[in-house]
Each structure stands twice: as C-alpha cells, then as structure tokens.
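Undergrad: If you want the building blocks of each chain, they are given just below.
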Amino acid sequence: MFGEQHDTRWFAAGGVFVLFAVVIGISIGPAGPDWWRVPLELVNRLPLIDFETGVSDADWAIVWKVRMPRVVLGGLVGGMLSIAGASYQGVFRNPLVDPYLLGSAAGAGLGATIALTIGRDATSTWPIDPVPTIAFIFALATVMVTYTVGAAFGGSRSGVTLVLAGVAVVSFTSAMQTFILQRNVEVIREVFRWILGSLSRADWGDVWLVIPYVAVSTVVLLLHRRHLDVFRVGDEEAATLGVSVARTRLVIVIAATFGTAAVVSVSGLIGFVGLVVPHIVRMVAGAGYRRVLPLSLMGGAGFLILADVPGRMIARPAETPIGVVTAFIGAPFFLYLLRTRRIGA
Amino acid sequence: MSTLTLVDVGVKYSRRAASALTGHSDTVVSGEWLGLIGPNGAGKSSLLKAIVGLVGHTGEILMDGVALSSMSDRERAGRVAYVSQDPLIPDDMTAREYALLGRTPYIGYFGSPSRRDRMIVDDVLERLRLGEFAHRMMGKLSGGERQRIVLARALAQQAPILLLDEPTSALDIGYQQQALELVAELRQTQQLTVISALHDLTLAGTYTDRLTMLHHGAVVVSGSAEDVLTAERLGEIYHVCVTVEHDEGQVIVVPRRGFPA
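Chains as they are written, first to last, in our numbering: chain D, 1 to 345; chain H, 1001 to 1261.
Please note that a few of the clues may not be correct.
Examples of chain D residues toward chain H, derived with CB under 7 angstroms [stated by the list, open to error]:
#	residue
1	V220
2	L223
3	R226
4	V230
5	V233
6	G234
7	E236
8	T240
9	G242
10	S244
11	A246
12	R247
Derived, one-sided and incomplete: chain H residues facing chain D with beta-carbon distance under 8 angstroms [what the hints assert, rightly or not]:
#	residue
13	V1052
14	L1054
15	S1069
16	S1070
17	R1074
18	Q1085
19	P1087
20	L1088
21	P1090
22	D1092
23	E1097
24	P1105
25	M1119
26	D1122
27	L1203
28	F1259
Don't read these hints as lab results, they were simulated from the structure. Don't be surprised by glycine CBs; every beta carbon is placed ideally from N, CA and C.
Work the whole structure out from these sequences, hints included.
TA: Shown next as structure tokens:
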C-alpha cells in the first residue's frame, strides 16, 4: 500500500489503529456514561480545553477504574501474543505455528488446574494470587522441557524436532491436566472458564504484573527482527551468512515464551490472535519482519481491545469469552483477506 | 590474498555412518578456480560444507594460515561466501532485500543495513544487469533470474572465497553458460578464489583452472581437464560410456550409447 520504503507510515497507521481501539474500548460498556460522551470527556481533559460533557465523576470512575485497565491489559495481551506468534513463525519458518506451540498454554493450563484444585479456600491467605503465579511457572517449565528434549534429540540445528517435541510435551501435559480434572470434577467449570480466557476481572494490578515481562520480551523481539529476516532463507544459509542459528533461535524463543507465559497467566488462553494477526499483517503490509513485528504488536493490541468490546455487550451482564469473540470476528475477516490477497508463507 | 589450505580434512555425519570425505589435502591458491567433480555422493558437497562450517570436520582448513574453525561465524562469513545447491528462496521478498542479506556479516547484532550496505548491493545488482529486478518479488522471477540474484547475494558478501555447489544444475544451457561466464568475469575483476562442484563435465573442464575428481570421499585425481577427463577413468568412476574429444584446447565429454566395459 505504501511501498517498500515507507515503514514510518505503516507504523503511524498502526499507532492510529491502537488509539482508535482504545477510545472505542473505554467508551462502550454495559454501565457508565453514554458512549459518545467518553471521547468528548477525553478531549475535555486535555490541557487548555474546558467544556461541559455531562460525564459525572462516578461515570468517569467506571471508565477509568473498570474499563481502562481492561483495555490496557487487552492491548498488552493481544500485542504480546501477536508479536510472539510472528516471532515463532519466523524462527521455525512455519506459518501454522502459534505462541503456544512449545507448551506455554498447556503448561499454564496445567498450572491453573492445579492451583484451582488446591482450592480458593486453602490459598486465600497467600500473599499472591496462586492461579497466575503457578500458571506462569508451569508455562515456563513446560517450554523448558520441550526445548531440552528437542535440543537433546534433534541437535540444536533442527527446528522441526523442536516443534515435534512440543507436540509430544503438550499432549503429555494436557493428559495430566485431564487426569487431575477427572478426579476433581467440582473445579471443571472454573478451570474451563479460565481456559477460555477473559479480561473481565482485569484491574491495574494485573497490568503492573505483566508489564515488565511484556516490555522486556517485546524489546528483545523487536531487536531481533533483522535476524528473523535472515532466518527466512533457512538455517544453513543463515549460518553461512554469519548468524549463530541455534543461539539466536534460543534467545528469540526465550523472549517470546516469557512474554507469552506472563500474559497467559493473567488472561487465560486466548486463541487465534497469535496465529492470525501476524498473517493479516503480512497480507496487508508485506512479509519482511522489519515491518511484521512492530505491526503485529500494534495490530494484535488493537484487535484484542476491539474484540473485547462485543464480549461485554452480547450477553450482558454476562461475559462472552473473548476467545470466542476473536475467532468469531477474526476467522471471517481472515478468510476475506485470504480470498482477496495471496497469502505469504 | 586468500589461499585456502586443506590438511587431511575428513567429514563424518554420524559415528556409525561411513565417512563422506577422508584425508583430503589440497591448496587452492588465490584467484584459482577449482572444479569438484565426481558421481553423486562422492563428497563434493561435504567438502564445500566443511569449508563454510556447516558440517564439522577433522583435520585443518586454513585461510592464509588461519584456521577457519577458530573464527567466529561472522568472521568466517566475511571470508567465505556459499551458494547452496538448492537455496531456500522466500517468494515474498524483493530481489534487493534478498541480495541485501549478503551484507549480514557486516551488520552489528542489533544494527540495521547502512547506506553503504545498500549501495554495495545496488552496485552488485547493476553489475550483474539485475537492476530492473531489484524491486520485483523473488517468487515472480524465472529460475535463471533467481539464480543470478542468489549469486548477487553471495557477491554482496564480498568474501574473497566463493563456494558454489552445483550452481547451474537447475538452469537450461543458456543460463548455465551465462552464470558461469559471470563467475569467470567476477573472478577476474574481484580476484575471487572459486571452488565449485559441477555436474556437467564439459563445462567443468572449460571454465575451471583445475579439476579434482572425488569418489567415495577420496580424491581420484586432480589436475588439468585434459589429464582428469579421460574416457577410461570416466567409464570406471561414473560407470558411463563416453568418448572424450579435444577441440582447440577444450575437452569435450560426449556420452555414447552402450554400457561401459
């Protein structure tokens, strides 16, 4: 659309998209002020501007204390999953890969199941919320097992062995989770709700919890986008071009995994975003990682913020799981793009 | 400036596998074009991969007296460029972006290509008469054009040693000749040392300074095309029935009907 040399325009477009999503995200909800008053109030709060918008302090509290953390967390989760997905796809040269590939989702699911099985009562005196913490630790541990096994069997050269090791470790972990669930049927409902993913309980605490991981992970991934472009010619040729393939891949996988594990532990398993947003970006803006990585971050953030809006409105006051919404909106849009543009592998 | 010395080089892919290459010693002097010939599985690719560090090896590979194995990946990439037999080429990458990957060894870990890197790439594309393709997608180019872009990438690497693994096997006879003429010209102007594995024996003899024939991972003979390409030897090594003709200093290998004696 903007040609090869116009990265800045693309990034500006991405920024505008995120901003648009944030304004929509904090304006619409089941309670609070009329939706069109919120943008007005935002303008009103700019310096040197003062007029009457009809938004009371109580209304503003809903916008700022309930919707804003949810929007920010949605942005962090969506952006993180998308940039991690794009990086995984690049590092394994496999378009079907998502950030849960090496087991972060399965591990987090097992961890959350164990935490919920121990029970809210038993852990109510703990200083930290055990569900995200244990989910996070299990996510990292599972990916570590996958990587160790994959590297030991396949030599660090082979990305394929790693992917297959991931498949095996994920089924093993899921089997353990199923076994625990089957012996503790009373938590199935709660576990299932967690697995479907939700931003509805988001508060500023969750935001502060994940921000450091997301920030570090994102910066590391963005710094490696040129390496991901070199990976596109294959491990062997990347090596002849002076890239230390195994080490660089490990750094990228670790960065993507840390960020993914952190967001999964607060939001549950939100599917589809990490797989499809990078592809949408490729189709629209081209396949070079120099552009795909920042645009996936922004596109994923905006996409998840927007996807969260119908989630709170469709069946209000009940919540529709965001994973359901992402697939509902995302899949047809993806198919539309697939029809109109050629897909880049 | 870039003499390559091989001392007793061996390659083994796994402990139980037979050696792909055994005890290979040779010196390729600066500016020489060495052709590697031999039947499939003779060890040509293994030798090239050992030099560029893609497979481990025993013995020593020295460039101007310095062991390549003692260099970092980046240092080595600045000295040896490699074009694989079957390069993986992303369809949705422009020719210029692809050629720019050749500058990778000169870009800092967190850096990005400089104006100078882009100038070098544009210059190489221009010299190979590929300027018109610079902004076309690789997937939209013909096999011959892609092959030339791959070569452009290797040249943008500005390494004094160029390794080519069957660079022309996918090309028709016209493009084969163009590609080899190009290498010959560049070798002259850039003072490159070239080592290439080649299938076509006549072309191999015509373009290179010296041929080394490998068989079962060992050298059969090394020398001028006239010495190496004899009908008896080709019959014995390739199990093929050929006659060898000589025409104005060119050695021509002609396949004949029948089974070798």
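Undergrad: Hint by hint, say whether it matches the structure.
TA: Quick rundown of the hints versus the structure:
Given hint, D:V220 at the interface with chain H, is violated; its Cβ is 10 angstroms from that chain's nearest Cβ, farther than 7 angstroms. A least Cβ separation of about 5 angstroms between D:L223 and chain H falls short of the 7 angstroms threshold, and the interface hint therefore holds. A hinted interface residue such as D:R226 counts as satisfied when its beta carbon comes closer than 7 angstroms to some beta carbon of chain H; here the least separation is about 6 angstroms, so the hint holds. Taking 7 angstroms as the C-beta cut-off, the interface hint given for D:V230 holds, the closest approach to chain H being about 6 angstroms.
With 7 angstroms as the threshold, the beta carbon of D:V233 comes within range of chain H, its nearest partner Cβ sitting at about 5 angstroms, so the hint holds. Evaluation of the D:G234 hint against chain H yields a held restraint, the C-beta minimum of about 4 angstroms falling below 7 angstroms. For D:E236, the interface hint holds, since its Cβ comes within 7 angstroms of a Cβ in chain H; the closest pair sits about 6 angstroms apart. The interface hint given for D:T240 is met, as the beta carbon of that residue sits about 4 angstroms from the closest beta carbon of chain H, less than 7 angstroms.
Here the hint on D:G242 is kept, as its CB sits about 3 angstroms from the closest CB of chain H, short of 7 angstroms. Contact between D:S244 and chain H, as hinted, is supported at the beta carbon level, the nearest pair being about 5 angstroms apart and thus within 7 angstroms. Taken as an interface hint, D:A246 does not check out: its beta carbon lies about 11 angstroms from the nearest beta carbon of chain H, beyond 7 angstroms. Interface hint status for D:R247: violated, as the beta-carbon distance to the closest one in chain H is roughly 9 angstroms, over 7 angstroms.
The beta carbon of H:V1052 is positioned within 8 angstroms of a beta carbon in chain D (closest approach about 5 angstroms), and the interface hint is therefore held. Annotation: H:L1054 was flagged as interfacial toward chain D, and the flag holds, the nearest CB pair being 6 angstroms apart, inside 8 angstroms. Interface hint status for H:S1069: violated, as the beta-carbon distance to the closest one in chain D is roughly 14 angstroms, over 8 angstroms. Evaluation of the H:S1070 hint against chain D yields a violated restraint, the C-beta minimum of about 15 angstroms exceeding 8 angstroms.
Hint status for H:R1074: holds, given a least beta-carbon distance of 4 angstroms to chain D, under 8 angstroms. A least Cβ separation of about 10 angstroms between H:Q1085 and chain D goes past the 8 angstroms threshold, and the interface hint is therefore violated. Of the supplied interface hints, the one on H:P1087 holds, with its beta-carbon coming within about 6 angstroms of a beta-carbon of chain D, less than 8 angstroms. For H:L1088, the shortest C-beta to C-beta distance to chain D is roughly 4 angstroms, which falls under 8 angstroms, so the interface hint holds.
Among the interface hints, the one on H:P1090 holds; its C-beta lies about 5 angstroms from the nearest C-beta in chain D, closer than the 8 angstroms criterion. Because the beta carbon of H:D1092 sits about 4 angstroms from the nearest beta carbon in chain D, less than 8 angstroms, this interface hint is met. Among the interface hints, the one on H:E1097 holds; its C-beta lies about 6 angstroms from the nearest C-beta in chain D, closer than the 8 angstroms criterion. Interface hint status for H:P1105: upheld, as the beta-carbon distance to the closest one in chain D is roughly 4 angstroms, under 8 angstroms.
Interface hint status for H:M1119: violated, as the beta-carbon distance to the closest one in chain D is roughly 15 angstroms, over 8 angstroms. At a threshold of 8 angstroms, the smallest CB-CB gap from H:D1122 to chain D is about 13 angstroms, leaving the interface hint violated. Proximity of H:L1203 to chain D is violated relative to the hint, the smallest CB-CB distance being about 24 angstroms (cut-off 8 angstroms). For H:F1259, the shortest C-beta to C-beta distance to chain D is roughly 38 angstroms, which exceeds 8 angstroms, and the interface hint is violated.
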